[in-house]
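*Asks:* Protein chains in written order, with our numbering: chain A, 1 to 321; chain B, 1001 to 1500.
Derived from the structure by calculation, the hints contain no laboratory data.
These numbers were taken from a predicted model, which means no experiment stands behind them.
Where is the CB? At the ideal position from N, CA and C, for every residue including glycine.
A hint or two may mislead.
Claimed, not checked - To give an idea of the chain B side of the interface with chain A (calculated C-beta under 8 Å), a few residues:
| id | residue |
| --- | --- |
| 1 | E1092 |
| 2 | M1097 |
| 3 | E1101 |
| 4 | L1105 |
| 5 | G1106 |
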Amino acid sequence: MNKIKGIFAVLLAVMIITAFISPAFLTSYNIENLLRRSALFGILGIGVSFVIMTGGIDLSLGSLVCLVGCLTPWLIIDVGIPAPWVLSGLLLLSLGLGLLHGVLVTKLRLQPFLVTLCGLFIYRGVTRGILSDQTVGFGTSGTVLKSLGNGRIPVTDTFGLPIPLIILVLVALGAGFLLRRTLWGRHLIAIGSNETAARHCGIEVDRVKMGAYAICALLTGIAGLLIVLDTGTAQPSNFGNFYELYAIAAAVLGGCSLRGGEGTVIGVLIGATLVQVLRNAIVLIDGIPEASEFAVIGAVIMIAVITDEVMRRRSGKNKLA
Amino acid sequence: MNLRPPLLEVSSITKTFGGVTALSEVSFAIEPGEIVAIIGENGAGKSTLAKVMSGVHSPDSGFVTVAGSRCEFRNSAEAAEYGISRIPQELELCDSMTVEENLLLGREPLKSMGRLDFPECLKMTRSALEMVDLKIDPHQLVGDLGHGQRQLIAIARALHTSARMLILDEPTATLSPLETQVLLHRLIEMKKSGSAIVMITHRLAEVEEIADRVIVLRDGENVGSLEGKEIQRDAMIRCMVGRDLSPIEPEVSEFGDPRLIVRELMTQDHPEAVSLQVRSGERVAIAGLVGSGRSELLEAIFGLRPRSGHVSVDQCDLSRAGVKESVRAGLALIPEERSSQGLALQRSVSENASLPGLFREAGRFGTLDRHAGAAVAQKIVKELDVRPPRTDIPASDLSGGNQQKIVIGKWLDLNPAVVLLDEPTRGVDVGAREEIHKRIRDLSFSGKSVLFASSEMEEVLSLSHRIIVLSEGKMMGTLVSAETTEEEIMALATGGEIHE
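Construct all of the structure, not just a fragment, from the sequences and the given hints.
*Replies:* Listed below in structure tokens is the structure:
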């Protein structure tokens, strides 16, 4: 809980500083945009945190965003398949790929890093191959469908709640319920905490883990859909690049331990928002070259991790004394 | 009289691992309301027996009978269904979860659709905690609890999962004297309420205190069974080692000048200054309970931990030195955790054996010959009789005892002036243990200084000339090994309070 408070304080601090330096930060346009992006990456973050809580990792998420994001406009516009079929088909595909990751990790005992690293290469390669690296997009059609990604519920003249935010709230409530209120969630955390103990308590470790990978991939698919509906176009060679790292960063900042067994949905949401606010701040603040975005995000994560470690040691020492 | 079959009976159990016999034709039975202690030296087969009874290992021959019906457990979960629960030394708890979550793991009460029934959870937790009489907040993280409480949590979980028989593997090894007393008291109460308890331990005082019956194992065989008044320290030792312990022959030792001098050493774990000397040809033991700072002291002397004070080896001042300087000045540390601190398990015996001395063979820019270290490895394998005598196989293919020989060998090859050893024979079999002890004695005969930490009293008493006793990082006193007793050491180790 302290971890979450700490990262929330960092989020507030970054927001206040940015607001002081750049008047553009607190404009309703910017806030609405920030909420939309935080929501999209929040969904990805929640997805990957399920896997991270088991002690695993999913690196394939950016490429899966690319696969779903690029195939959606292509199948609907260029191939001409009705949208409902395309959406449900691609989400099913995501779920299936997640299950496949889970099977490879549990039944063949492959390392999650390797399985999903292969996924990272394969899904992007397949997408680029199918589309021959051509940019795809909705053009002017599909306005109704696109509103799922870029739509808003007007609140004032200038400000509206982005639709993805509402989807995120539903996803977060569902994920929180699953983790804290159900058997499956408790077993998921137990597996990450001590897999041997969980196994000896009769928990079906393999099934729970497969579920985690499946949920991660499904949420990734949903996020991929929403992102392409928001942007309208997608270029296979860079759509979703590095998104897995933004998602993992969100989860880690939000208090998930890469060793597994720890993490909360609310923490991941704050982590995802922090990453997006940082990206936003870099764009808005004149002194920071936009191209150095990764350096800033990397430094912030590093500082957070070091602070956490130092605090942990200090509290450990107090316990001994 | 009692015509009911015993609660659990093991009959002529034999178990071998890769040609080595761990258990040979072991039989015994246990009734409800009984505490049976299994004792024996390291490598006698105690833990293997516990694992066979609880379904972790299946026996090569022989069988287990529960309440008269023959069982073939395929895993520990199946044994648990018959009410047999083993609590291993390494407790299987989820540290990042709460007491309640741990107690109910795998049998959480549910409402519809896989939802947890929280009020029922709390009720079950309370009743489980009551079984071990532990007053503790169910929402506290298990990782924040002390060893004793964690042990009780594991026991509460087993009992509440309707275990009729508990098998405890070294339950008191990591407990303080007070925690030990609490645990033993609980075990006696559980016995009164009809549970059967099997306890593996090497602390004979505990056995005298609570066991109704003692099964003695030696080299995998059941060499004796003691009951009631027969359960006495001397009888147990006689049975364990197969002979009366001959008093250790006083070696005629001439000590030379001090080779290791430590003055006013203080660290985070040692709040009061520690000063000691080890002379040429002398072997000094560091004794103390778990958490007394034994290993930490060795590591601080070696330069692995931040410290203040003065350390010197053969007049070479190492007060500000790190590990590299310490090694070159003639200091060697042979660590406690063989697999994590002593060996790169996946790498070959040859690579492992040559690692500390490799700097001598490196070229000017740190380049290494492809065959660097092979000769060293060959020498170690031959001198210490490592079996199998191969240097090209991964270290993980060797048994625990042989791994330890490699760890010791690779340091001795450096010809250090002062050898620090942390738990030199933990988890090795009797044969390897004797060989390692002989090797350590040889070291001192050749004029080196030996400083070792050990949790095994027999080892502390038999291997050392002097004993330094630590308690909570403070030096409680120095005893001369030939003139002291285990009781005296324990009295100092527990902070000076007089122990019955």
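*Asks:* Each hint: holds or not?
*Replies:* Structure-based check of all given hints:
1. Hint on B/E1092 holds. Least Cβ distance to chain A is approximately 4 Å, under the 8 Å limit.
2. The beta carbon of B/M1097 is positioned within 8 Å of a beta carbon in chain A (closest approach about 6 Å), and the interface hint is therefore held.
3. Taking 8 Å as the C-beta contact cut-off toward chain A, the hint placing B/E1101 at the interface holds, the least distance being around 6 Å.
4. The interface hint given for B/L1105 is met, as the beta carbon of that residue sits about 4 Å from the closest beta carbon of chain A, less than 8 Å.
5. Hint status for B/G1106 relative to chain A: holds, with the closest Cβ pair at about 3 Å, below 8 Å.
The structure fails none of the hints (numbered hints given earlier).
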